[in-house]
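Engineer: Sequence:
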Amino acid sequence: MLKRSYSLLILLVSLTSLVHADPALYEKGLLWQVERPGETASFVFGTIHSEDPRVIELPIFVRQSFNHSQRLIMELVPDPQAIASIAGKFQLTGGKTLEPMFDAELYRQAMTIASNFGLPEIAAKRFKPWALATTISIPKPETGLFLDNRLYLMAQRDKKPVFGLESAEEQLNIFDKLSDEDQVTLLRDSVENHPQIAAELEKMLQVYVARDLGALWEIQELAKNDGDADLNERLAKRMVDDRNRLMVTRMTPYLEQGRSFVAVGALHLPGEVGILNLLKQQGYKVSRVY
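In mature numbering (1 follows the signal peptide of the UniProt record, and there is no 0), the protein residues as written are -21 to -1, 1 to 269.
Worth flagging that the hints you see were computed from the coordinates, not collected in a lab.
Glycine included, every Cβ here is placed at the ideal spot set by N, Cα and C.
Check before you lean on any hint, since a few could be wrong.
As the list claims (entries may be wrong) - Label pairs and their computed distance ranges (CB to CB):
1) Glu200 - Thr228: 19 to 29 Å
2) Asp159 - Glu197: 30 to 40 Å
3) Asp155 - Ala83: 21 to 31 Å
4) Pro16 - Gly67: 39 to 49 Å
Stated by the list, open to error - In silico BS3-like pairs for lysine-lysine, Cα to Cα no more than 30 Å straight-line:
5) Lys119 - Lys156
6) Lys119 - Lys182
7) Lys7 - Lys139
8) Lys68 - Lys119
9) Lys139 - Lys182
10) Lys138 - Lys264
11) Lys139 - Lys75
12) Lys156 - Lys104
13) Lys75 - Lys156
14) Lys104 - Lys119
15) Lys264 - Lys139
16) Lys216 - Lys139
17) Lys182 - Lys7
18) Lys68 - Lys156
19) Lys104 - Lys75
20) Lys7 - Lys259
21) Lys156 - Lys216
22) Lys68 - Lys104
23) Lys216 - Lys7
24) Lys68 - Lys216
25) Lys139 - Lys259
26) Lys216 - Lys259
With the sequences and hints as input, model every part of the structure.
Structural biologist: Following this line, the structure appears as structure tokens:
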């Protein structure tokens, strides 16, 4: 069930996993106010990679906090430059294709699923294994208006400046630097468990809308226990411990300015190595708003 873990990472935008954290720390709530003495308060909002109306229709508390803020801080700014960088990272080089990396049946299944996403075989077979796993690990997009995209468009509408905490290359290198064997494992599990994706997404959406980060953590923990323990541990360090500390370091100058709205994947927030606890350790008062 490694695919469950991987699809959850993608759904939470942040490539997030939460295998080391204690969910009891900040386990309830999606919107938090953070402030230090002498600084104007800012907000930290946990997102999920979904276009579901239950997610896209932002609660009034979130809208008010966003409207009060002067800038938007995201994990990755979804501008044309980032999109182009992502597209380039997805492709195998040197004329390589996926076909020699799998047995015939797995390759056929992967190409069939890819075709349902509008990817013909001539294009899909040139994807890196992790990139194709990313593509097929969530339901086929219908509107393309995911939560983080909506926040980005709202900022553009309001002429708020938008800043990223990471580059596309930094995010994708987490997977791009995996061995071919590990990448094949990710894609194999994505293919084998593809029929369960819709049900998994619905379960995650329900606990997200309920603002229950502890329950999201439990879903992730179960997925971790079902998967390749060694691979999950290595991914966890890259995706959680290292990235949370880096993002806190990079968001601090914006928090010092005050009235910043920080939007990151929801499972980056709770736990001992979560962003909220790391901010508390730096002297921030962290208060739940919603």
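Engineer: Next step is simple, just say for each hint if it's right about the structure.
Structural biologist: We went through each hint and held it up to the structure:
1. Glu200 - Thr228: 19 to 29 Å: holds (27 Å)
2. Asp159 - Glu197: 30 to 40 Å: Holds: the Cβ-Cβ distance is about 32 Å, inside 30 to 40 Å.
3. Asp155 - Ala83: 21 to 31 Å: holds (26 Å)
4. Pro16 - Gly67: 39 to 49 Å: With a Cβ separation near 45 Å, Pro16 and Gly67 satisfy 39 to 49 Å, so the hint holds.
5. Lys119 - Lys156: holds (26 Å)
6. Lys119 - Lys182: holds (17 Å)
7. Lys7 - Lys139: holds (29 Å)
8. Lys68 - Lys119: holds (21 Å)
9. Lys139 - Lys182: violated (34 Å)
10. Lys138 - Lys264: Judged against 30 Å, a Cα distance of about 29 Å means the pair holds.
11. Lys139 - Lys75: At roughly 43 Å apart (the allowed maximum being 30 Å), Lys75 and Lys139 break the hint.
12. Lys156 - Lys104: holds (19 Å)
13. Lys75 - Lys156: holds (17 Å)
14. Lys104 - Lys119: holds (18 Å)
15. Lys264 - Lys139: holds (25 Å)
16. Lys216 - Lys139: Cα-Cα ~33 Å, so violated.
17. Lys182 - Lys7: holds (17 Å)
18. Lys68 - Lys156: holds (11 Å)
19. Lys104 - Lys75: Holds: Lys104 and Lys75 sit about 9 Å apart, inside 30 Å.
20. Lys7 - Lys259: Holds. Lys7 to Lys259 sits at ~16 Å (cutoff 30 Å).
21. Lys156 - Lys216: Holds - the C-alpha atoms of Lys216 and Lys156 are around 14 Å apart, at most 30 Å.
22. Lys68 - Lys104: Cα-Cα ~14 Å, so holds.
23. Lys216 - Lys7: Roughly 24 Å between the alpha carbons, so the hint for Lys216 and Lys7 holds.
24. Lys68 - Lys216: holds (22 Å)
25. Lys139 - Lys259: Within the cut-off at roughly 27 Å; holds.
26. Lys216 - Lys259: holds (21 Å)
Hint check: violations occur at hints 9, 11, 16; the rest are consistent with the structure.
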